[in-house]
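Novice: What follows is the residue order along each chain.
Number of protein chains: 2
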Amino acid sequence: MKNLEEKILMARGLRKSDLVFKNAKVVDVFSNKIINGDIAVSGGIILGVGDYSGADEIDLEGKFVSPCLIDGHVHIESSMVTPTELAKVLIPNGVATIIADPHEIANVLGIDGINYLLEASENLPLDVRIMLPSCVPATDFEHSGANLVFKDLEKLKDRDRVLGLGEMMNYPGVINCDKVVMDKIEGFSDRVIDGHAPGLLGKALNAYALSGIKTDHECSTVEEMNERISNGMYVQIRQGTSAKNAEILTKGITKDNLSRILFCTDDKHPKDLLEKGSVNENIKIAIKNGIDPIDAIKIATINAAKCYDLKGKGAIAPGYEANFIVLDDIVKFVIDSVYIDGKKISEGKKLLREIKSKTDIKSIGEVKVHDRRLEDFEIKLNSNRANVIGINPNELLTEKLVEEVPVHDGVFKADDVYQKLIVIERHNGLDSFGKGIIKGFGIKNGSIASTIAHDSHNIIIIGDNDKDIYRAMEEIKNINGGITVVSNGEVLASLPLEIAGLMSSGTVEETSLKLEKVLDAIKNNLGVNCKSLDPILTLGFMSLPVIPNLKLTDEGLFDVSEFKFIDINA
Amino acid sequence: MKNLEEKILMARGLRKSDLVFKNAKVVDVFSNKIINGDIAVSGGIILGVGDYSGADEIDLEGKFVSPCLIDGHVHIESSMVTPTELAKVLIPNGVATIIADPHEIANVLGIDGINYLLEASENLPLDVRIMLPSCVPATDFEHSGANLVFKDLEKLKDRDRVLGLGEMMNYPGVINCDKVVMDKIEGFSDRVIDGHAPGLLGKALNAYALSGIKTDHECSTVEEMNERISNGMYVQIRQGTSAKNAEILTKGITKDNLSRILFCTDDKHPKDLLEKGSVNENIKIAIKNGIDPIDAIKIATINAAKCYDLKGKGAIAPGYEANFIVLDDIVKFVIDSVYIDGKKISEGKKLLREIKSKTDIKSIGEVKVHDRRLEDFEIKLNSNRANVIGINPNELLTEKLVEEVPVHDGVFKADDVYQKLIVIERHNGLDSFGKGIIKGFGIKNGSIASTIAHDSHNIIIIGDNDKDIYRAMEEIKNINGGITVVSNGEVLASLPLEIAGLMSSGTVEETSLKLEKVLDAIKNNLGVNCKSLDPILTLGFMSLPVIPNLKLTDEGLFDVSEFKFIDINA
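Residue numbers (the working numbering), protein chains in the order written: chain A, 1 to 570; chain B, 1 to 570.
Because the hints were derived from the structure by calculation, they are not lab data.
All of these numbers come straight from a predicted model, not from anything done at the bench.
Some hints could be false.
One copy or two, it doesn't matter: identical chains are merged, so the pair holds either way.
Stated by the list, open to error - In silico EDC-like pairs for lysine to aspartate or glutamate, Cα to Cα no more than 20 Å straight-line: (1) K179 to E5; (2) K33 to D256; (3) K306 to D190; (4) K444 to D416.
Next up, chain A with everything else stripped away, as it sits in the complex (with noise of 0.2 Å):
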């Protein structure tokens, strides 16, 4: 690495730069020009663009260079492998820094699962900035692996890399001074806090942006995404594998308006993270809609630097990483290759050097289950009157049913309309166990299981018949978290999920094939439609007690619009 007196003498020209890149267009994404130069480079750093000569030379063939772009928020979680495989597919998609917010983690493993991720995450040509998760339990209705408050995340603040407060999704609580609530927004308030207000609006808004927090990637309207900015905050344009907000948001960017506006994923699930790619899927989209590509590229670069106050990413700029993009084509955004410090790491969607973390963990966390008999699945219901979750196409809201469901001898008996929702305490092996009744998944003859079940992460197990339900649950306990189809007693296919039964230590190719054999499985074997729903991604939120109106949590079936328990039979 050389000092700042021999980058200045390169420079300025005087003495020859270590590297230069000749014959570039260089975006400039402080005044959206394309300046046509070479660019100098030293220890990493870009000295300037001018008309220079280096030891050694690249020739860029007058090819347009973007500087690396900037996920504003992402949750690594989601892409269900590690920190090492999600920069492999990341990288070649010219994303070189990430804002993650390592939520699910937490809420598994508390501040280790955090820990992991920071030290998983060391020493990766992405670089991977930590925002704290500010809601580990989501709800006081479940049993999750951890509960954090301020003191436990105050131990976290001053780590290097970690940036600030996460979203803040409990937003009610932050509009009604919760006292846990604010204690997190108090004592972050030197930082940045993410938020997370789907629909907030008005006068609820204001509070929400005066308590300090300062982005929000929730927004599905213009009207959301502007009524944020006017207020001061930054709007993460999202899309991800369920959320998908870029056709519509992108249509309200301005020139007025586009320097409070990031990119981001949230959630990106390994195939599309494959196929599709991470922000610069929103930038094409961006493109597409009318947008300058330039300021499609600040939006993913410079702006995301600025919000979370990132020194010399963002831009190519004299001081600046030398980390950018190469692309063949500026308005289809179509990546030739990416260079991380001055260096060519990928040509195409190829990776051209090995890529390793600090850590070769390959397993953290352990599925502790309370001993369980096969009798525990059996619902006794008064009569066949039952409240039922009712599952609608494409849609994370449930329905609060009241159905007369087929009964056996005060028993449920599973058929072709109803079925069996079961979730279980997976962190510390408690007898926690919550049995409910689900209409619409269509799951005919065996059980899935899955310990992605947001937010606490229980294992979550959906089935029509109790020996396949009692088979996927010991296949969990076998393979230490993941994903499992069982039908008729037999494994059909399973995604392990070592790492905290939420992540894998495969490649994301290998993890995205497995997942597509579980989904090949659901199907196939088990009859479900996975046009009007995505199995395990549905699967996945009917735990989630704050989304309405029906789920269920391992302490029993949860009515979120009464916000109370209730009980199965109506």
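Please arrange chain B on chain A, whose structure you already have, making use of the hints.
Specialist: Positioned in the frame of chain A, the structure of chain B alone reads:
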């Protein structure tokens, strides 16, 4: 001061706000909109804009409301008054925050001078933020009152209201990696460092930006401005008393580059402050040149807040300071009234309450002059060929002339064309004394002396006879610094600047009036053509050895192009 919980309830409208400004047209600097609504306020903080009712209500009658303005770079000393008196003139002009570089007073008094300004600006309604002077002394070719290296500045780095390192005028020192300069730059690499690099372009500018310097207020062309912006720097468009760049530079503002532009005054004299205001003048010029009024306001508010990371400043939004301007006319930027902390502080140009600083100091520093006799002012010459400082009308650049000057008995004799210029060390009473011959000033039958003599602020005296020169020096000692005009042995007018010989303890009006009398005497009694030069400004720059070509310091005649002292004998 209400706590956050109470404010949140008021923002939600669940509780009456303490104070509501009804019927406002709020300038939204985040997305260039005008929002019709009420502004709710509590404890000096904006709670939100919407439909609010308050315990106290003020009807703004549909007038436009802009955030208070920020002067991005100013030397308080150029106003010739104390921070308190400056506040009295800035506040009615809508300026509530200034980024001040106490470079002048630091050259006279060192750290004590900076401490004085910090103390004298405490508890004012004007928020004075300090950039620590980077270039004290400005050069090694003169005696200043102090020499500040990084170790000295470091002690003040973490003081409240200290933001970073002031304008790095020694740009040759930066790009040539001068050790003392690099120490400062590296020592402030975690803070904002202001720049000052007139005319620097291309690779030299790359090197300057690479060093970490973030701003520049010395641009005089759009080309210079745009190149700085492309290099990631912020540009402060300046409109001061002598340097006026707004007319040209505001024509270069576009929707694409404006997020990197600020407004500043740099150096503005009391008369101009009274007649033209502060950066509100820059706004008017920008609007006149076709810039959207909201963009012009954006530049003078949120942009400066972002550049200097000033939390809670520069916008009307939840959590921001309730400092705003009510406008009679947004296009002409006519100010109706100004509110600080939600309280009306001025109406029209009239202040509504007393402004007092924490300190009552009326005088600081002592003019110390080595004992002089009248004969000391004689200039002995070997022949009548001498090196002469040639003044150009309305320019700070001087000519290095070799002329035949009037000589009697080997002694220079001033006439209508050639007069005497004297610089006397005044900080430590040293026997350091520069003498020169000057052409183009045109002073007759008298003398002018001043302790404003950039950048070391020794005593500079011009005159056509030694008696008046001596008398002017004596008067400067009597008034302990300031400006004086003498003719026929009689003091015609004086402006005492008892604070470091730079600032008056009087009001802006008094100071402006006294300065007017000084100028009148110069024009009427000494016959100086004040249309072709501002005599005080011109005189004050004759000692600055960084502006070409020939200058005089207390150490002698200095050839700036050759960067060395020369003899007066040619």
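Novice: Run every hint past the structure and note whether it holds.
Specialist: Against the structure, the hints:
| no. | hint | result |
| --- | --- | --- |
| 1 | K179 to E5 | between (52 Å within a copy, 9 Å between copies) |
| 2 | K33 to D256 | both (17 Å within a copy, 9 Å between copies) |
| 3 | K306 to D190 | both (16 Å within a copy, 15 Å between copies) |
| 4 | K444 to D416 | within (7 Å within a copy, 111 Å between copies) |
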